[in-house]
Amino acid sequence: MGTATENANNKKIFLFIIAIIFSGIIVSFFAISFFHLNKDSIYHGIYIAGVDVSDLTKMEARNKLEDIYEIKIDSLSFDLNYKDYNKKISYRDLDYEYLYDESIEKAYDIGREGNIFRRVKEVYQLKNNPVDIDLDTKYNDDVFDEIIMDVKENINKKSQDASIKRENGVFNITEEVTGIEVKEEVLKDLIHDNIKNFSTETIDIPVDTIEPRIKAEALRNIKDVIGEFSTVFNTQAVGRTKNIRIASNSITHTLLMPGEEFSFNEKTGPRGVAEGYQEAPVIINGELVPGIGGGICQVSTTLYNAVVRANLEISNRRNHSIPVGYVPLGHDATVSYNHIDFKFKNNRKHPIYLESFVKGNRIYIRFYGVKENDPIIGLHSVVTEAIEPKMEVKKDGTLPIGETKVEIQGKQGYRVNTYKIYYQDGREIKRELISKDYYAPTNGLILEGTRGKSLEELEKETKENMENEIGSEEYSDDIIQTEETIAN
1 MGTATENANN
11 KKIFLFIIAI
21 IFSGIIVSFF
31 AISFFHLNKD
41 SIYHGIYIAG
51 VDVSDLTKME
61 ARNKLEDIYE
71 IKIDSLSFDL
81 NYKDYNKKIS
91 YRDLDYEYLY
101 DESIEKAYDI
111 GREGNIFRRV
121 KEVYQLKNNP
131 VDIDLDTKYN
141 DDVFDEIIMD
151 VKENINKKSQ
161 DASIKRENGV
171 FNITEEVTGI
181 EVKEEVLKDL
191 IHDNIKNFST
201 ETIDIPVDTI
211 EPRIKAEALR
221 NIKDVIGEFS
231 TVFNTQAVGR
241 TKNIRIASNS
251 ITHTLLMPGE
261 EFSFNEKTGP
271 RGVAEGYQEA
281 PVIINGELVP
291 GIGGGICQVS
301 TTLYNAVVRA
311 NLEISNRRNH
321 SIPVGYVPLG
331 HDATVSYNHI
341 DFKFKNNRKH
351 PIYLESFVKG
361 NRIYIRFYGV
371 KENDPIIGLH
381 SVVTEAIEPK
391 MEVKKDGTLP
401 IGETKVEIQG
411 KQGYRVNTYK
421 IYYQDGREIK
431 RELISKDYYA
441 PTNGLILEGT
451 RGKSLEELEK
461 ETKENMENEI
471 GSEEYSDDII
481 QTEETIAN
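So in my numbering, the last spot in the sequence shown is 488, and the numbers never skip.
What the hints contain is simulated information worked out from the structure, not anything from laboratory work.
Some clues are possibly wrong.
Unchecked claim - In silico SDA-like links for lysine to any residue, alpha-carbon gap of 25 Å or less:
1. Lys152 / Lys106
2. Lys64 / Ser75
3. Lys83 / Ser159
4. Lys359 / Glu228
5. Lys158 / Tyr82
6. Lys420 / Val406
7. Lys152 / Asn194
8. Lys343 / Tyr419
9. Lys430 / Glu372
10. Lys87 / Leu76
11. Lys420 / Ile314
12. Lys371 / Tyr423
13. Lys267 / His350
14. Lys83 / Val131
15. Lys343 / Val370
16. Lys343 / Ser435
17. Lys215 / Gly179
18. Lys349 / Arg213
19. Lys87 / Met149
20. Lys88 / Pro206
All values reported here derive from a predicted model rather than from experimental measurement.
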């Protein structure tokens, strides 16, 4: 009985001692942890940009980093290089600086979040798994952009097409220029990477080459006349002659690459007094009246005939509303700015060159290119219908009864089919219908004398004439009711 009691007491004493020891351990753990976790320094096992800042206060860590990196930043630079261009960039040029305080705060905060057990675990893990914090930096974006701008200004070069011009019977060719353009975003990324890694490696400036659209090699093939035409005009008509010269000069020296389209209106532009055009007869609603730019259609017509003979593709052409005197029926091409255009395409494999000039009383238009066993081409028109003009009869009290006078001479109208004819070795090998044109007749006017007739007789005859005109009047949708800048 006594032994059992003694054993029980011993067990209690042992458990008490164990409890005291365990409590001491717990207290010691919390005391040590509290002391260790709350010290005013960075925990052990933490680095900033490779520099050990373990057990250092914030100020001590800053001083240590400054001793290393402030000297380092003064020595850091790199080169930007492209062929003969070289630009040295120092980190100081960029107003580059290290953000010590931000990185130190990140290092200091490690192990200071969560409950005590989480914090202790995080701190003790640093012994086997050290943490390296990036050293944040900044630089002046404006200075950075200025550097990029300087690079672009010194390297970028616009591409320039080769050009050709015929002068004094000789073709002069200007060589093309290949363009260069700095890859701005790629260069920025390369510079950022250098700065981030404190690199001093030279950066080869990345560029794109911009190939010109037109190269001199293609233009050197332009030497053969592939189509030409000329028309005669009256040099005594001063305004009209001036207009022909201006329009001719506006289209000459035109280069068309394969597939390109020529627009007469786009090439000549507005054709008013401000552009130097003068007054000369123009066709408006089938009648010749004074207007600015008369004679321009002789240029477009001459061009049309040269285009046909060069066997180029015509994409837009319209004939005049009445016949003109300088080409046969069906061989003309009218234009009116913002209304009617003459267009054609270079459907050949090689570039073509348009030359237009005035000499004496003729306008000449020629196309140069590469002759490739091309046939000789001509035009032939067939009148399919002649349309007689209507003759209006108007009573005239100044003429005696029975006397008539032709006040306006009527002119015939026509329907015309025009054929493009191909010749090889002097023989016709092909005939192609290219247009069906309508030219409206010009109505005439006859004055009939009424002197001596009564008022009742005059009114009766006028009524009968009006009824006859209404009964016989015909209309055609083909009549062009718009301005055409051309004179006979």
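Do the hints match the structure? See the list:
A C-alpha spacing of about 39 Å is found between Lys152 and Lys106, which places the hinted pair above 25 Å, so the restraint is violated. Simply put, Lys64 and Ser75 have alpha-carbon atoms about 18 Å apart, close enough for the 25 Å limit, and the pair holds. Taking the CA atoms of Lys83 and Ser159, the gap is near 18 Å; set against the 25 Å cutoff, the hint holds. Annotation: proposed proximity of Lys359 to Glu228 holds, straight-line Cα distance about 15 Å (limit 25 Å).
Distance restraint check for Lys158 and Tyr82: the Cα-Cα separation of roughly 17 Å lies within the 25 Å cut-off, and the hinted pair is therefore satisfied. Taking the CA atoms of Lys420 and Val406, the gap is near 40 Å; set against the 25 Å cutoff, the hint is violated. Straight-line distance between C-alpha atoms of Lys152 and Asn194 comes to about 19 Å, which keeps the hinted pair within the 25 Å bound. Taking the CA atoms of Lys343 and Tyr419, the gap is near 19 Å; set against the 25 Å cutoff, the hint holds.
Between Lys430 and Glu372 the alpha-carbon distance is near 17 Å, which keeps this suggested pair within the 25 Å criterion. For a cut-off of 25 Å, the pair hint linking Lys87 to Leu76 stands: about 14 Å separates their Cα positions. Straight-line distance between C-alpha atoms of Lys420 and Ile314 comes to about 12 Å, which keeps the hinted pair within the 25 Å bound. Pair hint Lys371 plus Tyr423 holds up; C-alpha atoms about 15 Å apart against a cutoff of 25 Å.
With a C-alpha separation of about 21 Å, the suggested pairing of Lys267 with His350 holds against the 25 Å cut-off. Between Lys83 and Val131 the CA atoms are separated by roughly 43 Å; this puts the pair beyond 25 Å, and the hint is violated. With a CA separation close to 21 Å, the supplied pair Lys343 and Val370 stays within the 25 Å bound. Distance check on the hinted pair: Lys343 and Ser435 sit about 15 Å apart at the alpha-carbon level, within 25 Å; holds.
Among the hinted pairs, Lys215 with Gly179 is consistent with the structure: their alpha-carbon atoms are about 13 Å apart, no more than 25 Å. The hinted pair formed by Lys349 and Arg213 meets the criterion: a straight-line CA distance of about 15 Å does not exceed 25 Å. A hinted pair counts as satisfied when its Cα atoms are at most 25 Å apart, and Lys87 with Met149 qualifies at roughly 12 Å. For the hint pairing Lys88 with Pro206, the CA-to-CA distance comes to about 16 Å; that is within 25 Å, so the pair holds.
Checked against the numbered hints above, the structure breaks hints 1, 6, 14 and satisfies the rest.
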